[in-house]
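Enquirer: Chains A and B, in that order, give the protein sequences. Each number in the numbering used here comes from the position in the first sequence (counting from 1) with 6 added on. Each number in the numbering used here comes from the position in the second sequence (counting from 1) with 910 added on.
Source of the hints: derived by calculation from the structure; they are not laboratory data. All values derive from a computational prediction rather than experimental measurement. By construction, the Cβ of each residue, glycine as well, lies at the ideal position given by its N, Cα and C atoms. There could be a bad hint or two in this list.
If the Cβ cut is set under 8 Å, some of the chain B residues that face chain A in the computed set are [claimed, not checked]: (1) F928; (2) A929; (3) L931; (4) A933; (5) G984; (6) Y988; (7) R997; (8) Q1000; (9) T1001; (10) L1004; (11) G1006; (12) V1025; (13) D1026; (14) R1061; (15) G1078.
Listed below, chain by chain, are the residues.
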Amino acid sequence: MNSWSGRRLREGAVTFAALALVFIVIAVVIETALGRSDSRIATEFMLIASMVVAIQAYVGNSGLISFGHVAFYAIAAYVAGLAAMSPSDKERITPDLPAWLMQLEAGLPAAVGLALLAVLIFAVFTGVPFSRMNASVVSAATLALLVLVHSVINLWNGVTHGPLGLVGVPDLVNTWVVLGTSLIVVAGALIYRASPWGLKLQAVRENEVAAAALGIPVAKMRFVGWVVSALLMALAGSVWALNSLAFAPSMFYFTDTFAMLAMLVVGGLGSVSGAVVGAAIITVLSELLRGLEGGLDVGGVSVPELPGIVQLATAGLILIVLIARPRGLFGNQEIGGLRPRHFALGRGRS
Amino acid sequence: MSVEQRTGLVVAGVTKTFAGLTALDDVTLRVEQGEILGLMGPNGSGKSTLVNVISGILAPTAGSVSVDGQDVTGKSAYNVAHAGISRSFQTVRLFGALSVSDNVAAVVRRPRRAVDRTVVELLERLRIGHLADERADGLAYGLQRRVEIARALATNPRYLLLDEPAAGLNDSESADLEQIIRAAADDFGCGVLIIDHDITLITRLCHRLHVLSNGRTLAEGSPDLVRTHPDVVRAYLGERAVAELASSDLTTSQEGSSGDGSEPVR
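Chain A with its partners taken away, still in its complex shape:
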């Protein structure tokens, strides 16, 4: 424990308290006040925000953009879904499953555990070459990873039910499980950020040459970040699957990848707080504008249909943020590390 900084852990703890409060309030509101459809949106938000936090663990600390994290999400969702589905459903839609998986009707812990294991193996195999790649080509490689995994899921009919996706995934998740998942992911990302490995990866991000010359193992630190981040993604992704009951390959592709990266960019790549706040802003904006897409009447005035207004507004928001605060709303700053001067605009380059 000698290498752990108490100072960094304390900052992480304060940040965790603030973010946990947000998630707890949402969960309580879901349970007490929201109707069925609004509570779905809120639950979905908690899990998507967790995934953005998971992506941040790699992208934020390494400074390398990953387009591949949705591949971990997809693998986790399919493994957890297949593990939990009833054998009779699986025999009908995914006849080529291996016998042990066909017979399995896993509960929540086993389904999530299997998803974590599958993603761990996948992350280790991809992480070894990716961590040794030149920083300028890693992003392209992660994009290839996304396309590859999507294609396999889309085409492997006997195991994944192809483009139609899985149906009949049991609902093993309630609001409190979702809350617990979010808190674990946020805590995991904050602990990693405060850890010696997180700090060393941040040093690599800032200056790779100096980091290596001062004895920081560059590839090893990138590998650790990749695997930690993948596991957090798998946790959120598997719980998402067990909350969603049915899903298809199209839900794990470019649209989701860019939506999550947009949330991260708006909030600030360098901080867990930013990931959560960015997810919140984009989600609220999307929900507010979604009503407009179909057109509506406001006090006798009819607003015409505005298809595409959500994407347009998201893109506009990204542009505004990138112009006003190029490193996102939070930059590298966590809530727990904020001092009054950070609130002044123009000092936001941190």
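Starting from the known structure of chain A, fit chain B onto it as the hints suggest.
Expert: Below, chain B without anything else, positioned relative to chain A:
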């Protein structure tokens, strides 16, 4: 490429060519622990290239580098760092967005005490303790140089390579730096290889000098070299100074090294 069994940072016959251009030509030198060696020479004489070769950022074309008997020739910068070499950079290369204390904490290895205490002690030593929470890239230049030295010392090196640590510093900062480097050699037992153009600083600080010109060793010896060796004087102070030297009573018996380094500096 035999492995040196002797102690010290040993550079033996190092040559480095870039696409036909010879940056270093058969350079041999040695730094003992606790010793401060000044590496001098005009701009473009190969000083920084030598530091980059020693620290593993560049691989030598020929020759060898060893650290206390351990051959590190052609090893990666990471491996060289773990063999006991640490360095600062000619153009400051801090972890800009990180705080001053995180810059130091990031490179500390297996601290005997808690890492926070180790960091605080180092920052106090370099008199930048009050800046611990500041972003490194927001500091004034002289302070950034100090953070670089604190960071270099944080790895507990046996040999410290300082590439122009005093460049851009004012007189009082430069005097502070001198104390810090001397303390690194005396208190930590570090061998120090220092590049600088400030002849006063170098002659006061260093036990020995090694002078390069056009990638070759021009001279090696006591700090007096810069006043007594005609080739060195020519390289640094120009022809007129050599004429003055010849007219004085000083011996010029050290003639004969391959001196065409007539490039004057500043």
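Enquirer: Using Cβ atoms only, decide whether B:A933 comes closer than 8 Å to chain A, and label the hint accordingly.
Expert: B:A933 check fails; min Cβ-Cβ to chain A is 18 Å, beyond 8 Å.
Enquirer: Identify whether the interface hint at B:G1006 stands, where standing means a beta carbon of chain A within less than 8 Å of its own.
Expert: holds, 5 Å
Enquirer: Going by Cβ atoms only, is B:L931 closer than 8 Å to chain A?
Expert: violated, 22 Å
Enquirer: Can we keep the B:A929 interface hint, with Cβ of chain A closer than 8 Å?
Expert: violated, 21 Å
Enquirer: Would you settle whether the hint for B:Y988 is holds or violated, based on the nearest Cβ-Cβ distance to chain A being less than 8 Å?
Expert: At about 5 Å, which falls below the 8 Å cut-off, the nearest Cβ of chain A leaves the hint on B:Y988 intact, so it holds.
Enquirer: Less than 8 Å between beta-carbons is the criterion; does B:R997 satisfy it with respect to chain A?
Expert: holds, 6 Å
Enquirer: With a cut-off of 8 Å, does the beta carbon of B:Q1000 approach a beta carbon of chain A closely enough for the hint to hold?
Expert: violated, 12 Å
Enquirer: Less than 8 Å between beta-carbons is the criterion; does B:T1001 satisfy it with respect to chain A?
Expert: Cβ of B:T1001 sits 11 Å from chain A, so the hint is violated.
Enquirer: Do the numbers back the hint for B:G984, that is, is its least Cβ distance to chain A under 8 Å?
Expert: violated, 15 Å
Enquirer: Against chain A, with CB atoms and a cut of 8 Å, does the hint on B:R1061 hold up?
Expert: holds, 7 Å
Enquirer: Grab the minimum C-beta distance from B:F928 to chain A and call the hint holds if it beats 8 Å, violated otherwise.
Expert: violated, 17 Å
Enquirer: Is the shortest C-beta separation between B:G1078 and chain A less than 8 Å?
Expert: With a closest approach of 18 Å, the B:G1078 hint is violated.
Of the numbered hints stated above, those contradicted by the structure are hints 1, 2, 3, 4, 5, 8, 9, 15, listed in ascending order.
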